[in-house]
Amino acid sequence: MARLVLQRLAATVPVLLLVTAGVFALLHLTPGDPIDAMMAESADATAKASLRAELGLDRPLHVQYVAWMGRLLRGDLGHSIRNGEPVLENVSRRIRPSLQLALLAMAISLLVAFPVGIASAVRRNTSVDRVGTTFALFGICMPNFLLALLLIFLFGVTLRWLPISGYVDPAEELVDGLRSLALPAVTLGLALAAVVTRTLRSSMLEALTEDYVRTARAKGLSEWRVVRGHVLRNALIPVVTVLGLQLGTLIGGAVITEYVFALPGIGRLVVDGVFARDYPLVQGVVLLIAVGFIASNLVVDLLYGLIDPRIRHR
Amino acid sequence: MTVSRREFLKASVVVVGVPWLGLAPAAAAAADPPRKGGTLRVGFYIEAQTMDPHLSGSKIDRQVYHNIYEPLVTLDTRLGVKPGLAESWTQPDPKTLVFKLRRGVKFHDGTDFNAEAAKFNIERMKTEPKSVRKGEVANIDTVDVVDSHTIRVNLKKPDAALLATLTDRAGMMVSPKVVQERGAELGRNAKGAGTGPFEFVEWVRDSHLIIKRNDAYWNKQGGPYLDRVRYRPIPDDVVKLQSLQSGEIDVMDYVQPRDVAAVKADKNVVVVDVPSLADFAYQLNLTRPPFNNKALRQAVASALDLEQIVKGVWLNVGVAANGPIPPTSWAYDRSIAPIKRDLAKAKAKLAEGGQPNGFTFTMTTNNIPINVQEAEVMQAQLAEAGIVAKVKLVDSATLIADGNNKNFEMISFQWSGRPDPDGNTYQFLRTTPGTSFNWSGISNPQIDALLDRTREISNQAERRKLYSELTKLLQDELPMLFIIHPIEPKAFSPRVQNYEAIPDGMMRFKDVWMR
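Residue numbers (the numbering used here), protein chains in the order written: chain A, 1 to 314; chain B, 1 to 515.
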């Protein structure tokens, strides 16, 4: 187990090198310049030139990359050009709402997807199944921004049960915090629930046709025990894979939801950073997101072993 | 909602001409005495960038600054310059400005505002490596302290627009003690730094920024009344508007044209039309075909129907432009009409330019909905004259890069405007080596001479004549196509009273109170 983890960690080094070099090159090849973007209303060439020199942006690209890597090896991700704060500080402030939102959305999706998915598979081709698959289709087709606006209109504007936008940290004020995250978490959670429902249903249907299920039934096990002990457990692998991949997407890719609900998350940080051509910020955040993806995939691989002893690593 | 150009001009006269009415929300409640207290919750489209006015490059920062900091001189509702931290000024010769500073003014940290502090601030703007103000104060050579409350500003060359520049960030005074003790930290924490009617309290990044009433404010007339102002970023326009309608915020900085009619019909919201200083235009690249050909520029101008664009795209939230100077300015000449659509003339000009069957060009514009709509309408109008416009959509950083590198044929340029007409003209039209906003590459001795002259004389009536002459010249020369001077409507909860709209769009809350 420890060896596996070490092996996997060693394999991340080239991946991260590739990611940083790729992001660095892409960002610098994109037309536009951070100083022009920041001082959009100023044509003052001398001020811009001195600011560029101050930030080291006038040096050749490879020199900038090497300097950046050098600082990175010392654990320094640099400072955001736009707000002058350390990149790490920007990220640590923004990662909290993103993580909370992702976990809440995931919890909502599991609460919805498991009953619906199991019922759909077990009662295949009945009206229960049709309601379940229709729900899943709806959840996949519904664009996030539209669902978000509908939820805001219903619960924020019409019923006034929940705040329309903004973020309160649940770690500081539990009730207000959960209220502020409720609508965005439902927005993201429903879409994810749809994906999970479909995955769970199809992998359960496959497992239901296996010989060992027939054997289990022949042994006289109750249907519930067959489903729980034999079908569900074997059907979980694809679901865990999907969840692992989606967790990364939920943390880094919930841009639209964060935007609509004015949540200060990591996704908006990157997108705003790209628009501002805030090189150090974008490079730093993408690097950290890549690390996050690799970590969550590692966790998924370890979970496989827990679920299915056959793939337990030695 | 239909407002003709004439009605709009009349309305802007009312808005800018009757300051004591205290505008919109107040009108109904003129009899009520102002009430102290309350927290005003303001929704902005993005977050502030820095609390240091000398390092700020973001428009949104100024919204906060105008409540905690004060400039040497300020704007009135007609864009005239009135005393601020300087109670008077004289100009003994065109290259010298003498400011008498107000006595008894203290920064929020308790230190005195005086001549030394003013000198410190101007010199900081000129020398601090990260200063974004360098260009604005470039014409200032040196500052002398004459006595404890008098400074003499020596200019490198005459600059009639400098006073108006000092009404904003370039004139804002920060406590020297705070700058020296706090250094870069001032960017996030402006406690004690200003002299204004409100004091900085806290800024939780990505969440909110709070300022509170300065009870020791030097000006005892009127406010400040509000206990606190709480700013929050809400990036989505629809959500921001819903937040106002449901009472989560009391003020929003800008209402999109598409929402104006609906919001005006909502009794729970008061909309104030703030005519702006802006001109939204396109620059034409004069350094290469097709627009190095003047007749082809004129053909495009004659093929466009500005009234239709203002009505159809901007839903009349603005007025067709006759040039760079907006109707809010004293230099605006209402006798000059915007260029009228004339397809016969467009065809004639095409023939004159050697392209009787029309030609094809690319217009570069921002990838935001209203710009795309405008581009599509222009495309359709030009097509009727046989001119084919291809639209290239870019993000704003790319737009600026394309402009600076003259990598365009026609490019959108939406300028927020400056109180002095110089800020809407000189940097776009004067021959300049190197980068500037003169993206079109125009270099016209007659225009250069006019622009230089407007800086040298300080008599407003004479400057106005020069700007009229310039506007007419631009309608013929056409380095830029001026489309619209937009209105920038702001929306308030009906509880908000006594907001005074100044065309620079900044929300100064000194005299605002809540019912």
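Watch out, some of these pointers could steer you wrong.
Quick partial rundown of chain A residues pointing at chain B, CB under 7 Å, derived from the structure [what the hints assert, rightly or not]:
1. GLN7
2. ARG8
3. LEU9
4. ALA11
5. PRO14
6. HIS28
7. LEU29
8. GLY32
9. ALA37
10. MET39
11. ALA47
12. ASN144
13. VAL157
14. TRP161
15. ALA262
Hints listed in this document are in silico derivations from the structure and should not be mistaken for laboratory results. Ideal Cβ positions, reconstructed from N, Cα and C, are used throughout, including at glycine.
To see whether the hints hold, each was checked on the structure:
no.	hint	result
1	GLN7	violated (38 Å)
2	ARG8	violated (34 Å)
3	LEU9	violated (32 Å)
4	ALA11	violated (35 Å)
5	PRO14	violated (31 Å)
6	HIS28	violated (12 Å)
7	LEU29	violated (12 Å)
8	GLY32	holds (3 Å)
9	ALA37	holds (4 Å)
10	MET39	holds (4 Å)
11	ALA47	holds (4 Å)
12	ASN144	violated (12 Å)
13	VAL157	holds (5 Å)
14	TRP161	violated (11 Å)
15	ALA262	holds (5 Å)
Comparing the model with each numbered hint stated earlier shows that hints 1, 2, 3, 4, 5, 6, 7, 12, 14 do not hold.
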